[in-house]
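Asker: If you want the building blocks of each chain, they are given just below.
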Amino acid sequence: MAVFEVKHLGKSFGSLQVLKDISLTVEHGQVVSIIGPSGSGKSTFLRCATLLEQVNHGTMKYMDQVVCEERSGFDHAVYASNSALKKVRTLFGLVFQNFNLFPHYSVLKNIMDAPVCVQKRKSKEVREQAMALLERMGLASKAKSYPCELSGGQQQRVSIARALISKPQILFFDEPTSALDPELTGEILKVIRDLAAQKMTMVIVTHEIDFAEAVSDHVVFMADGYIVEQGTPAEVIGAPKNPRTQAFLRKLNH
Amino acid sequence: MGYLQTLIDFYSNSTLLKTLRLLWESFGVTVEIFFLTVIFSLPLGMGICSLRMSKFKPIAWLMRIYISIMRGTPLMLQLFVIYYGPYYIFGIYVSDSYRFPAVIIAFSLNYAAYFAEIYRAGIQSIPVGQYEAADVLGYSRIQTFFKIILPQVIKRTLPPVTNEVITLTKDTSLAFALGCAEMFTIAKRQASGQTSMTPYIAAAVFYYIFNFVVAYSMGWLEKKLDYYR
Numbered sequence: 000m001a002v003f004e005v006k007h008l009g010k011s012f013g014s015l016q017v018l019k020d021i022s023l024t025v026e027h028g029q030v031v032s033i034i035g036p037s038g039s040g041k042s043t044f045l046r047c048a049t050l051l052e053q054v055n056h057g058t059m060k061y062m063d064q065v066v067c068e069e070r071s072g073f074d075h076a077v078y079a080s081n082s083a084l085k086k087v088r089t090l091f092g093l094v095f096q097n098f099n100l101f102p103h104y105s106v107l108k109n110i111m112d113a114p115v116c117v118q119k120r121k122s123k124e125v126r127e128q129a130m131a132l133l134e135r136m137g138l139a140s141k142a143k144s145y146p147c148e149l150s151g152g153q154q155q156r157v158s159i160a161r162a163l164i165s166k167p168q169i170l171f172f173d174e175p176t177s178a179l180d181p182e183l184t185g186e187i188l189k190v191i192r193d194l195a196a197q198k199m200t201m202v203i204v205t206h207e208i209d210f211a212e213a214v215s216d217h218v219v220f221m222a223d224g225y226i227v228e229q230g231t232p233a234e235v236i237g238a239p240k241n242p243r244t245q246a247f248l249r250k251l252n253h
Numbered sequence: 000m001g002y003l004q005t006l007i008d009f010y011s012n013s014t015l016l017k018t019l020r021l022l023w024e025s026f027g028v029t030v031e032i033f034f035l036t037v038i039f040s041l042p043l044g045m046g047i048c049s050l051r052m053s054k055f056k057p058i059a060w061l062m063r064i065y066i067s068i069m070r071g072t073p074l075m076l077q078l079f080v081i082y083y084g085p086y087y088i089f090g091i092y093v094s095d096s097y098r099f100p101a102v103i104i105a106f107s108l109n110y111a112a113y114f115a116e117i118y119r120a121g122i123q124s125i126p127v128g129q130y131e132a133a134d135v136l137g138y139s140r141i142q143t144f145f146k147i148i149l150p151q152v153i154k155r156t157l158p159p160v161t162n163e164v165i166t167l168t169k170d171t172s173l174a175f176a177l178g179c180a181e182m183f184t185i186a187k188r189q190a191s192g193q194t195s196m197t198p199y200i201a202a203a204v205f206y207y208i209f210n211f212v213v214a215y216s217m218g219w220l221e222k223k224l225d226y227y228r
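As given, the protein sequences belong to chains Z and Y, one line each in that order.
Numbering (numbering that gives the first Met the number 0) for the first sequence: 0 to 253.
Numbering (numbering that gives the first Met the number 0) for the second sequence: 0 to 228.
For the record, the hints were derived by calculation from the structure and aren't laboratory data.
Keep in mind that this is a model prediction, so the values were computed, not measured.
There may be inaccurate statements among the hints.
[What the hints assert, rightly or not] Here are the computed lysine-lysine pairs in the BS3-like style, where the Cα-Cα straight-line distance is at most 27 Å: (1) Z:Lys141 / Y:Lys154; (2) Z:Lys108 / Y:Lys154; (3) Z:Lys19 / Z:Lys108.
[Said to hold, decoys possible] If you want the ones that stay clear, here's a sample from chain Y, every Cβ over 12 Å from chain Z, calculated: (4) Ile7; (5) Leu74; (6) Val127; (7) Ser139; (8) Gln151; (9) Lys154; (10) Ala180; (11) Met217.
Positions of the beta carbon are idealized from the N, C-alpha and C atoms, including for glycine.
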């Protein structure tokens, strides 16, 4: 069963159509990279997938949970009930470009607060898992620090730990290294690589083409709201067929 | 023994000490106006702020008009409207005991308007990413506001709130206009009775010390919240 599946997604902001007929299936353990020029709709797609925006058309599913679907008699996609969507939110995690940690919470509380206060899990058990995650991220000594005391790379690792604590079925990354110095980019890419090795299902919007080529099973090239080309890294990045993809990669001196 | 008696006589007949005692007693009323106004206007301001930011336009506009009137007209005039309004508008006779509540109502309504705008600036300064992170993590709207947004808003609005609160201390003297027996009213009465500046200067010292303590406490609170940016 696919972890995440969308068919014929359409999304407009006013008269501006940002997503046009997007279809994508992400299987368990797959790492999918989405590349493409700015304004191609990559980030909007991620925001729709993570329920920060609602699509106008199409169907979306996590595992067997329907998020939205086309129904006869409606001229737009119909979303599931709020309680169903609440459940869906536990199935995915999102790592933001700007980390978006809560500045008034310590590192540990940033990770623990949602599981304890939203999902009502036991504090002791969550704390153990949070510490284990911090250990994995090499940040165990920073548990009591506040986000403002950390480097960008460390903050991003905390935000990855925060996303992982609820054991999501799929993890989305929205340009996770774009706000980082080139020096710090490596530490985040290493974490993602480790997660990929552990068969974490991931969808990564990125401008790091080399990284996308190295880490992903599947690469999606988006432009002007369409998926122009998709396939293995060798196909899309190594030997792109579409002129639009070729032009984009050439511009990046690839 | 005779010496002690002379000392006691001196002090009990001292005009200055009598003035200080009277001011100190009426200072209690000033402090009462201050704290009651703070207690009512801080949360009321939050209510007005949330309606002002409501997506339902007529309510938002109503609050804009309310804030505009409260900020655009003198507090002294508002005191009169609240105190004499019931009689002039509705013909309801109000007793003297309405003086103090009228002061509290007028001050709270007025200061809430200012606080509402301070909160609004604070709320709008919180990056949208905070809401999005909370949303993705499953926080409800109420949880997001009280756990994530409000603590940050409080930290950010502390300096302008301190400003308002210091102004409030001084504004309590406007209650004089309704004959409410707070410190300034008493100081004025003493000054004209003694034909002396001393009561005014003594009152000034009281106001100053009180505001010094207010500013110090708020500064302390600001420092307490300094553990994050």
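Asker: Against each hint, give a clear statement of whether it holds in the structure.
Answerer: These are the hints, each one checked on the structure:
1. Z:Lys141 / Y:Lys154: 23 Å, holds
2. Z:Lys108 / Y:Lys154: Holds, at about 19 Å.
3. Z:Lys19 / Z:Lys108: 40 Å, violated
4. Ile7: Correct as stated: the minimum Cβ-Cβ distance to chain Z is 57 Å, above 12 Å.
5. Leu74: Non-interface label stands for Y:Leu74: nearest chain Z Cβ at 35 Å, farther than 12 Å.
6. Val127: 9 Å, violated
7. Ser139: Violated: least Cβ distance 8 Å, not greater than 12 Å.
8. Gln151: Contrary to the label, Y:Gln151 does not stay out of reach of chain Z, its closest Cβ about 6 Å off (not over 12 Å).
9. Lys154: 7 Å, violated
10. Ala180: 43 Å, holds
11. Met217: 18 Å, holds
Comparing the model with each numbered hint stated earlier shows that hints 3, 6, 7, 8 and 9 do not hold.
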